[in-house]
Every structure is written in C-alpha cells, then in structure tokens.
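Work the whole structure out from these sequences, hints included.
Residue numbers for the sequence shown follow the numbering used here, beginning at 4 and rising by one.
Honestly, the hints are just simulated from the structure, not real lab data.
Glycine residues also receive a C-beta, built at the ideal position from the N, C-alpha and C atoms.
Some hints could be false.
Stated by the list, open to error - Distance condition first, Cα-Cα at most 27 Å in a straight line; then the derived DSSO-like pairs of lysine-lysine: (1) K11 / K21; (2) K141 / K44; (3) K111 / K144; (4) K177 / K44; (5) K168 / K246; (6) K11 / K353; (7) K79 / K346; (8) K111 / K168; (9) K39 / K79; (10) K353 / K111.
Stated by the list, open to error - Computed Cβ-Cβ distance ranges for the label pairs, DEER-style: (11) P80 / S222: 34 to 44 Å; (12) T315 / K59: 14 to 24 Å; (13) T6 / S344: 16 to 26 Å; (14) N70 / T6: 17 to 27 Å; (15) T6 / F151: 40 to 50 Å; (16) S318 / F163: 29 to 39 Å; (17) I328 / Q181: 33 to 43 Å; (18) Q181 / E25: 37 to 47 Å; (19) D292 / H314: 43 to 53 Å; (20) H114 / S27: 42 to 52 Å.
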Amino acid sequence: MKTPNFSKTSNLKFIDSKNLFESSEIQNPSTPSVVKLNDGKLILLFNCNFQPIDKKNSTVMISESKNFGESWATPKPIYNYSGWDCISMGGIARISDNHLMIIIGRIKIDHSLGGDEPFSGFYTTSKHSFDQGQTWSKEEKEINIFPFWTELYGTSNPHFISSNKLMWACMGTKGRDQGWHSGVTFSSYPHTTFEPPTVIAENENRNYSDIDILQLSKSHYLSVIREHVTKNSVSSYSTDSGKTWSEIQKTGFQGANIKLFQLSSGAIICTYRNENLNPKGISISQSIDNGNSWENIGQLYEPDDPSDVEHTPGSLCGYPDMVKINDTEILSFFHTYPDKSGKISLRQTKLIDLSQQ
4 MKTPNFSKTS
14 NLKFIDSKNL
24 FESSEIQNPS
34 TPSVVKLNDG
44 KLILLFNCNF
54 QPIDKKNSTV
64 MISESKNFGE
74 SWATPKPIYN
84 YSGWDCISMG
94 GIARISDNHL
104 MIIIGRIKID
114 HSLGGDEPFS
124 GFYTTSKHSF
134 DQGQTWSKEE
144 KEINIFPFWT
154 ELYGTSNPHF
164 ISSNKLMWAC
174 MGTKGRDQGW
184 HSGVTFSSYP
194 HTTFEPPTVI
204 AENENRNYSD
214 IDILQLSKSH
224 YLSVIREHVT
234 KNSVSSYSTD
244 SGKTWSEIQK
254 TGFQGANIKL
264 FQLSSGAIIC
274 TYRNENLNPK
284 GISISQSIDN
294 GNSWENIGQL
304 YEPDDPSDVE
314 HTPGSLCGYP
324 DMVKINDTEI
334 LSFFHTYPDK
344 SGKISLRQTK
354 LIDLSQQ
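As structure tokens, then:
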C-alpha cells in the first residue's frame, strides 16, 4: 500500500503504520473500534475469523494496549454465535472508565440477494463491562428501533446530553436493504434500552446510512451521513442537543464509514472510504468552518495498484476510527482491501496533529 499523503493545507503528518494481529489464528481482522481510558489504556474491538472457535463465520474480538499502541495484548473472543457472522454493530463505547459498552450483532450473508447489504438475517444487541473491559455481561435484549435493520453506527458514540442521558448516532431500514435512513436515539441509565429515533436524513429516492456526530459546543452538533444512490455525503446541524436537525446539505465528497474528529486548532477532519473511487481507499477531508465547507487533504490509505482490488460488497476497505493518545499524536485504525490472496489486514497508523505544534 502507498504511504499516507496529506496536502500542505492539512494539519496532519504521517509518522508510521503497521498491521495488527498477524497470526494463523486470526484471519481477516476488520471493522476496528477503539476507546481510550483516563489512564491511557486503549481498548480495541474488531471482527475476524478466529480459527480456534469458528473457521467459517466471524467472531468479535477484543484487545488492549497499555503503551499507546506500541504493543497489544493477545486478542480474546467476546462474541460468537454458531452459524452466524458476528460483527460490530456500533463498536465499543466509553460511557465512563468503569462503564464500557459494546454494540454488536450477528448477520447471515447471502450475496445472491444483491445490493450493498445482502443480509438474510440480523440481530443487534449490546454487552456491558464495569471493570474496564476485563469481564462482560450477557448480551442484552435486542436493539430494535427501526422497522427492519437497526444499527447504532457512529464511531464517536456516545454523546453526553446530561449526567444521565446519552445521544447515539444510528441508522436503519424500512425493509431488506431498502428505505435506509439515519438519525439519533437517546438512552438513560443503565443504557440498555433506546428511544425511537429522531431522523436526520430520509428520502424515498435515497438511502442514508453510515453516520457520525461531533460536538461543536455545549448544545451544537454536526452530523455527516453516507448516501448510497448518488454517493454524495450530506451534513446537518443541531443547536438543541439533538432534538431537532437542520435540512441536510451536500458535503462535496462521496464517503462511507464516516469518522469525524476535531484537531487542536478546531479544524474538523472527516475520514471515510472514498466511494468516488478516484482514488480508491480511505480519504480525509477537512473543514475549518464547522462543516460548512470541506477540502480534500489526502489519503490515509490507498492500495499500491487500485486495479488489483475489487470495490464490491464483501471486499471493501474502510471502517476508520481514531483516538488521540497525547497532545499531538493520533492513532487511526482501519482495514484494507483484500490482497491478491484474499487477505485483509487491520492497520494502525500514527499521525501528528501539527496544529498543536
């Protein structure tokens, strides 16, 4: 893969990159999600084919790092269900150091159905940890807030509205792979049930899905959302802590697997799989006006030879997540396109936030 490359107008600098969890037991790790605790410990959730448990279907795994990603503990399986692919349905969320939550689920894939999301079965649930991820509860009841598919996708989840109330980005469908719409939902302690969604983006001629939210000030939030038909991502604002949202507007880029992140300067970066495909891979756009306008600032990931990779369901790169490990350093995580042998890699990349220097 090519070295990450950013424009002179960006506030990012590439430092180093490496593959994680390369072993015969862990095949095709993907869909990373990371949180940082107050003591600096990182906890990483991802999916893979974990050979000791299930050679056919995917398992949700967890690992931790106590040295800011220099090394990682041996991953442990946390969710497997016989006959189903178990995946992240929202990743790991830090409510507090002593209350972590994973939004996970299980799916059955049937590529003969076609479409971007060829699922013949699905189930979304959660687990909770009250000891910094050392042990986890049994799965909670099904999370089912949309008519059909429900996913609490939002890599920056959750957002604290009050001491007891959280806001979560979410998305779902009206039928099998149709009527995709995105918005937010709210929960109160113990955060095992969720309110009906407040919809941000919905149109009978469009399909809105992957969403992330960033807090701009006390009650001011920005959302960026994927759209499947035209590929044009959109944004919206709330100035009342998510109760209502502005009319959506185009961002100017075509992104999936949205991740919003604010640099020390106040500039916002949006990292996403580039659905424009020119170039293929994971792109970053930057806004210096709270998301009103965006400028492409480069590539976090690009395969060496784009003609060697297929951009089709089941063979897509993406799912970027980011965490700041100190005042200037950022760790990003994502998975690659399959290589010629079909191998997917989970990539950790270190960046510098130049705006702090």
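Subject >> Unsatisfied constraints (hint numbers, rising) >> reply: Numbers 4, 8, 10, 19, 20, in rising order.
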